[in-house]
Amino acid sequence: MKLSTRLGKAAALAAAGALALSGCTGGGVEDASDGGPVDLTGELSGTVKFQTWSLKNEKFTPYFEDLIAAFEEEHPDVTIEWIDQPGEGYQDKILSQAGSGTLPDVLNLPPDIAFPLVQAGQLLDLAEAHPGLDAQYNAGAWDAYSRFTGTEGTYGLPWYLGSDVSWWDLGKLGPYGVTQADLPTTVDGWLDLAEQVAAESDGEVMLVSSMPTVDVFLANGIELMDEDGAFVFNTPEAAALVQSYADAYAAGAMPAEALTGSYAGNAQMYLQGQVAYTSGGPGFAGDLATQAPSLLETSVATPRAGVPPLYVQGLNVASTSENKPAALAFAEYVTNQENQVAFTTLAAGFAPGTAEGADEVAAAVAADMDPAQAAALNVMFDALGGAQAMPFQWTSAMTDYASQQLALAVRGDVTAQEALDDVVAYANENRIDQ
Amino acid sequence: MTLTTDRPETREAQTVRKGQHFRRRGSSDFTRPTLLGLVLRYALLIAVFALVIGPFLWQLSTSLKGPADDLYSFPPNLIPQDPTVGNYSTVTDVVPVYRYAWHSLLVATGSVATNVVLSVLGGYALACMRFRGKLIALGVLLSTMLLPAEVTVTSNLLTINALGLGNTLWGVFLPGAIGAMNVLLIATACRMIPKDVLDAATIDGATTWQRIRHLVWPNVRGMASVVAIFTFIGAWDDYLWPLMVLTEPDNYTLTVGMAYLNSNFSPDPRLIAAGTMVALIPIVVVFSVMQRYFFKGVQEGAVKG
Amino acid sequence: MRSHKWFTPWLLIGPAVVWVLVFSFWPFINTVILSFTDARPLRPAEPVGLAQYERLLTDEQFRYALITCLVYVVVCVPLLTILPLLLALLVEKQIPGIAFFRTTFYFPVVASAVVVALIWTWVFDSRGVLNQALEWMGIVDKPIAFLVDRWWLLACAILLTVWKGLGFYMVVYLAALGNVGKELHEAAMMDGAGPFRRFRDVTIPAVRGAMLLVSALIAVSAMRVFTELDILSNGTGGPGGYDMSIVMLIRQVGSGLSGNLGYAAALSVALFLLTVLPLAAIAFMNREKKTKVPA
Chain A
1 MKLSTRLGKA AALAAAGALA LSGCTGGGVE DASDGGPVDL TGELSGTVKF
51 QTWSLKNEKF TPYFEDLIAA FEEEHPDVTI EWIDQPGEGY QDKILSQAGS
101 GTLPDVLNLP PDIAFPLVQA GQLLDLAEAH PGLDAQYNAG AWDAYSRFTG
151 TEGTYGLPWY LGSDVSWWDL GKLGPYGVTQ ADLPTTVDGW LDLAEQVAAE
201 SDGEVMLVSS MPTVDVFLAN GIELMDEDGA FVFNTPEAAA LVQSYADAYA
251 AGAMPAEALT GSYAGNAQMY LQGQVAYTSG GPGFAGDLAT QAPSLLETSV
301 ATPRAGVPPL YVQGLNVAST SENKPAALAF AEYVTNQENQ VAFTTLAAGF
351 APGTAEGADE VAAAVAADMD PAQAAALNVM FDALGGAQAM PFQWTSAMTD
401 YASQQLALAV RGDVTAQEAL DDVVAYANEN RIDQ
Chain B
1 MTLTTDRPET REAQTVRKGQ HFRRRGSSDF TRPTLLGLVL RYALLIAVFA
51 LVIGPFLWQL STSLKGPADD LYSFPPNLIP QDPTVGNYST VTDVVPVYRY
101 AWHSLLVATG SVATNVVLSV LGGYALACMR FRGKLIALGV LLSTMLLPAE
151 VTVTSNLLTI NALGLGNTLW GVFLPGAIGA MNVLLIATAC RMIPKDVLDA
201 ATIDGATTWQ RIRHLVWPNV RGMASVVAIF TFIGAWDDYL WPLMVLTEPD
251 NYTLTVGMAY LNSNFSPDPR LIAAGTMVAL IPIVVVFSVM QRYFFKGVQE
301 GAVKG
Chain C
1 MRSHKWFTPW LLIGPAVVWV LVFSFWPFIN TVILSFTDAR PLRPAEPVGL
51 AQYERLLTDE QFRYALITCL VYVVVCVPLL TILPLLLALL VEKQIPGIAF
101 FRTTFYFPVV ASAVVVALIW TWVFDSRGVL NQALEWMGIV DKPIAFLVDR
151 WWLLACAILL TVWKGLGFYM VVYLAALGNV GKELHEAAMM DGAGPFRRFR
201 DVTIPAVRGA MLLVSALIAV SAMRVFTELD ILSNGTGGPG GYDMSIVMLI
251 RQVGSGLSGN LGYAAALSVA LFLLTVLPLA AIAFMNREKK TKVPA
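Quick note, the sequences are listed as chains A, B and C, same order.
For what it's worth, the numbering used here labels the leading residue of the first sequence as 1, then goes sequentially.
For what it's worth, the numbering used here labels the leading residue of the second sequence as 1, then goes sequentially.
For what it's worth, the numbering used here labels the leading residue of the third sequence as 1, then goes sequentially.
What the hints contain is simulated information worked out from the structure, not anything from laboratory work.
The model shown is predicted, which means the values in this text are computed figures rather than measured ones.
One or more of the hints may lead you astray.
Derived EDC-like pairs: lysine to aspartate or glutamate, alpha-carbon spacing no greater than 20 Å straight-line [said to hold, decoys possible]: (1) Lys93(A) <-> Asp70(B); (2) Lys324(A) <-> Glu74(A); (3) Lys49(A) <-> Asp250(B); (4) Lys142(C) <-> Glu195(A); (5) Lys164(C) <-> Asp199(B); (6) Lys93(A) <-> Asp238(B); (7) Lys49(A) <-> Asp226(A); (8) Lys49(A) <-> Glu248(B); (9) Lys5(C) <-> Asp199(B).
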């Protein structure tokens, strides 16, 4: 979603490990068992702390201020205290809040960050607290908060959703006879085109700037885990896929630096004009507009090959909250269809996490949006139904290890199968759900 | 040796009086370079300058680029095609830069004060006094310098919260109030003070405090300014720790506040560059002021009276 | 000669020692305890004895990280002990404009990591400035992929470390050089000593203490290298993770809400013990020659 995240991550995650030291490790919560339905019928009162992630800025502050004012008008005895955390160091912050028992009443956590908190009993089971909510939300996103190992229930209300589309720079591809109509729609087609264009342009135009990742396996329908949660993606199909990347690399269709590319590295290379293809959200059009305006004119978006990824953000309620009724009511209020549509209309490039409403957003933003971005948005909204989220069991350490080993395979130092076997072995040794 | 020198002429004085920076052939003043040496010196200076200035040129140019400029063209384009200073005013609108800068300044200045004072006291004891347990004290200081800093964050957060200083600038300041490295830096400088001078002062009946004030301080002032610079920049640039301690945006320091520019939704690197340039100014000022003191200690001829 | 009450030294050094004990030593004890458990964030930890340390001995990633760090120490210590001293001598003289140069030479120390990353990537990229220059001069006919090769990447990172460290250690030397008496230089000049001999016989002995301190600081920070390798390898540690340093490895295994804290703690303890080695070596060298140094 954002280019600087990975760079910042390095510094910010530093202390995450340390944060669980001493007192934090035993972070059991006394009243965590305090589940069951929450009574929403009475008059709501008290203070609710509401924590967002990197949303307090000139763009979104007015939206939240209005939202809070409207809620407080409806419930005069409730005061909402809005706090926002900067983008970097968020996991550390959450960890320190959870460790010291000071989680805000309502907070924004994607599923993978929510999982350890669910395990520690720090989040409220919302399906139990208010039965019947699920019909209002996007099914895939609701699932992402409902499938945590070792526990029943749903621990987040889907808030806003993202996905990726494919971005092509026709300005670079045009001279080699590639038009929007014959852009490839499969991973293999893309890699073949990459080799062909690289050969014709004598290495000038490159189309591959990312490593094969687990997302790519997921997109190609390769089973990541078996029923017991063990990783099993070291299959011949996956190996063949990795081998096609290696072939593309050998053919000069990939800048050498892509071997150490990070999650957003391919988008960065596209912005620099080094490659003519990248994956990115519809919001990437905004990055192009601000950072490389001349590229925006020649860029087009097409659906991602295979199953598109699903990025989920949601609102959660802390089980330690002393004011659960008001907290739950506010979380539902923020994530209701009307407010979500308003929010994602503002947050161009994202879809509401409700069951309906994407059309309204598309209609609302189409008027004053750059055509390229509007087109990309439609592509994404169309694909969202079949999108699939990464399993929460896949940790950042596994991502790092996988990219290191698969880079060796792409470079040709080891075979694809050897690299995949190593990655799967590592992932199974470091499972977090046992 | 430094203490016994009380030269009538300082280098600065010479330069000012004669207004000529190099030595003529046959001149008897050996301390000034020859013309050729001077040219060579400037050539080297400019070469190193070219090596170090790159990132700042790029940052400056980015902060001056307008919306129509490509930022990441390859190779980089240093001259903005669509120049503007608007980014600088925008950045102050988005985050309360001055309030945050004031917080950072408070923490950084406080850290400088405690670090300089405490490390001069400690460094002197370590270098010039004999006492029981000295090795233990030295061992404690040395060993903690080797610890990866990352492991201290949580434990310190618990300590600070237990002291009731969470979400305060005091909490940000406290763990950095004295650094082991600074004590060792000053101790190194203290070892340069000849033993007989200190002994002589003792015979004259100077108390420990008088010795520190009139003998030690003038001699370690250069190193103390190094400590001051390191501490100031360390405190000014720290991100993770203030982020952990401070919970309310009202109390943020500059680095944490600046992170707001980096919003999740298409951050504008031009704004970030402008903000970073603003944040750099105090560091440059502190450094330019401090670097003059490196030489003062010698030139004043340390021992007075 | 004893000229003070027995407790005076402790009054002076006490605050520093207490501070360090509370804010550095105590967290370290916690880390040691953690390294004997299977701790993860927000979960009760079970003691696992020496299991984490056993894993360390067989961990291939740790072996690579160790080699990376040792190479770093061996290369960086001599480079960064000598070069900043030369730089300090260069800017020491009070000539017009020198304050400007001194200040700018310190800039790399305070440069933001993100910008430094961008700039140096442009230099080392396979289509970057350096490769273009090499091709133009006809030294290579195909660009060298500096940033994805184990040893080239390490060399580039070391270059970056030196670039960032020059100004930092220059400052330490400047302060130390303030103590070198000018009359010694003059006397040596009268004796007909050339610049090299004066450097060897006057400057070096005078800044000996500072040199030892600087090399100790470099050894410690080289063992704990992180930023440079992280920046140039985009956080990945290069293909295969061959260029990860120990601190990078600690962060990879221990970071996030599902990090393996027990193993990260064991790695931290190992790093601590490994850092003591080069320091002990430097301390030993210091002891040997102590008698020759008047100060």
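So which hints don't hold here, by number, going up? Numbers 1, 5 and 7 - these are the hints that the structure violates, sorted from lowest upward.
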